[in-house]
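Chemist: Here the protein sequences come in this chain order: A and B. Just so you know, we're using my numbering here: the first sequence kicks off at 255 and counts up by one. Just so you know, we're using my numbering here: the second sequence kicks off at 98 and counts up by one.
Because the hints were derived from the structure by calculation, they are not lab data. Predicted model, so just to flag it, every value in this text is computed and none were measured. Check each hint, because a few of them may be wrong.
[As the list claims (entries may be wrong)] Pair ranges (Cβ atoms, derived):
1) M230/B / I334/A: 24 to 34 Å
2) M230/B / N323/A: 47 to 57 Å
3) K229/B / L321/A: 48 to 58 Å
4) I375/A / N135/B: 16 to 26 Å
5) K229/B / Q319/A: 48 to 58 Å
6) Q228/B / N318/A: 44 to 54 Å
7) I149/B / K330/A: 44 to 54 Å
8) K229/B / D325/A: 45 to 55 Å
C-beta atoms are modelled at their ideal positions from N, C-alpha and C, and glycine is treated no differently.
Chain by chain, the residues:
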Amino acid sequence: MSAIISLLVGIIFGIGLIIAQMTNPLKIIGFLTFGENWDPSLLFVMASAVFISFFAFSFGKQKNQTLLNLDFEIPKRNDIDLSLLVGAALFGIGWGMVGFCPAPAIVSLAFGNLQTLLFVISMLIGISLVKIIKK
Amino acid sequence: MIIQSVIGGGLIGIAVSILLLFNGKVLGVSGILGELFNHRLSQNYWRLFFIIGLLISPIICNTFKPIPLTEMTSNNLLIIAGGLLVGFGSRLGSGCTSGHGVCGIARFSLRSLIATMTFILFGFMTVYVMQKMLI
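All chains should be modelled from the sequences, with the hints used to inform the complete structure.
Modeler: This is the structure we're talking about:
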């Protein structure tokens, strides 16, 4: 059952990204551009996503278990360490270079663009490198 | 155009809410990708099915309305470097736009707020530098 929920969640999330045009790297670059050409779209996307998610997290907090009687797995860390800051900075640099973050890149694979595939392969290598250095 | 951002963001928020309230999981795409091969298959179905959902979402969208093709840089070196940085950075920093930017902020995590401000700041600086260098 939880697998079917996940499939549905992936589909809804992907459709959300497509409707919000977050799968278009030019929209992301536009958001990250200083000046009069600034495109605020991403801000509206994030604000409405956060707004709805806020209610879910508040509701979840009052419950011991999920609607499928599973345990909640919420990150508990609250320390600001170097990995967090360096990681976020490097991610931001890569994000600004191409205009893709992980989810939109995966969704865009279906558009059949070879450059998207190249990006996703590089991204997966980057993800695996963290596993290697953390060993 | 704002309406598209709000509807898309709303769907993202709904996806986050369903995954949380049914499966008890936080929707973070870099984490889902990073943990995909770390567990036995029985614990991984939800991750696998989420990714499948992401992959088929554009196919579902396309049956209703054709999606414009991805427009992105044609510089392959930039794509590889960007992909490596996005993968490595988001994993090292424990999250990307979905995990930190949406879920983290929605549950008032200071770690996520700082990570989000960091990657947006570095994204801005990267786009600025690239436009000065005319890449």
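Chemist: Taking the hints in turn, state whether each one holds.
Modeler: How the hints compare with the structure:
no. : hint                        : verdict
1   : M230/B / I334/A: 24 to 34 Å : 32 Å, holds
2   : M230/B / N323/A: 47 to 57 Å : 55 Å, holds
3   : K229/B / L321/A: 48 to 58 Å : 51 Å, holds
4   : I375/A / N135/B: 16 to 26 Å : 19 Å, holds
5   : K229/B / Q319/A: 48 to 58 Å : 53 Å, holds
6   : Q228/B / N318/A: 44 to 54 Å : 51 Å, holds
7   : I149/B / K330/A: 44 to 54 Å : 29 Å, violated
8   : K229/B / D325/A: 45 to 55 Å : 50 Å, holds
Checked against the numbered hints above, the structure violates only hint 7.
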